[in-house]
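Undergrad: Chain residues, written in single-letter form:
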Amino acid sequence: QKEVEQNSGPLSVPEGAIASLNCTYSDRGSQSFFWYRQYSGKSPELIMSIYSNGDKEDGRFTAQLNKASQYVSLLIRDSQPSDSATYLCAVNSEYGGSQGNLIFGKGTKLSVKP
Amino acid sequence: NAGVTQTPKFRILKIGQSMTLQCTQDMNHNYMYWYRQDPGMGLKLIYYSVGAGITDKGEVPNGYNVSRSTTEDFPLRLELAAPSQTSVYFCASIGQAYEQYFGPGTRLTVT
Chain R
1 QKEVEQNSGP LSVPEGAIAS LNCTYSDRGS QSFFWYRQYS GKSPELIMSI
51 YSNGDKEDGR FTAQLNKASQ YVSLLIRDSQ PSDSATYLCA VNSEYGGSQG
101 NLIFGKGTKL SVKP
Chain C
1001 NAGVTQTPKF RILKIGQSMT LQCTQDMNHN YMYWYRQDPG MGLKLIYYSV
1051 GAGITDKGEV PNGYNVSRST TEDFPLRLEL AAPSQTSVYF CASIGQAYEQ
1101 YFGPGTRLTV T
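Residue numbers (our numbering), protein chains in the order written: chain R, 1 to 114; chain C, 1001 to 1111.
Derived from the structure by calculation, the hints contain no laboratory data. Small disclaimer: the values here were computed from a predicted structure and weren't measured. Where a beta carbon is used, it is the ideal one built from N, C-alpha and C, also for glycine. Possibly wrong hints are sitting among the right ones.
Said to hold, decoys possible - Which residues of chain C face chain R? A few of them, derived with a C-beta cut under 7 Å, are:
1. G1042
2. P1061
3. G1063
4. Y1064
5. F1090
6. E1099
7. F1102
8. L1108
9. V1110
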């Protein structure tokens, strides 16, 4: 059973701090890694994708990937109360032969306190 | 582009009733997906399709059926609703880099 593991939280950080979200995955063949943000009662929204080892930065968000350790993380700098949401880690898996199938973690709930 | 649209937004069913959840995308994506999300849980794949006329089971297909007659539409059918199917259902389609775009969801309650 291919799995994606995340700390469920809640993770609480003060406004302006760095929030660090972590994710591990079991399928060594995975090649595509995604972070989604989901506000309560809403659908998941893609915020970052990463495909190669190292860091990828987009504004206040940085995704980090280490395939050898099967680990992917998301850093949110200068956290804002509007960042309060559940963050889902997703990893592609060749389920049924389709590279597009994603396995999702259960999500980490982030709370940014003013 | 409207992206991925789903109807209805909310529905209450009685045990044993049937219904179809509609999903449409206007991005000309070949790959489409149906997920369910239970409270505090991640997304579970129900069915997926890699193109018109081609569908396959995901992790939790029991109690559901799908069809894909066009690239745009991917309806999900519940034949005999059970309380265990109370959930939020999301439809998604996939772009060129495997990024998935989600619809707004259908909140279903079976009583």
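Undergrad: Does each hint hold? Answer for all of them.
TA: Structure-based check of all given hints:
no. : hint  : result
1   : G1042 : 4 Å, holds
2   : P1061 : 11 Å, violated
3   : G1063 : 19 Å, violated
4   : Y1064 : 16 Å, violated
5   : F1090 : 6 Å, holds
6   : E1099 : 5 Å, holds
7   : F1102 : 4 Å, holds
8   : L1108 : 14 Å, violated
9   : V1110 : 19 Å, violated
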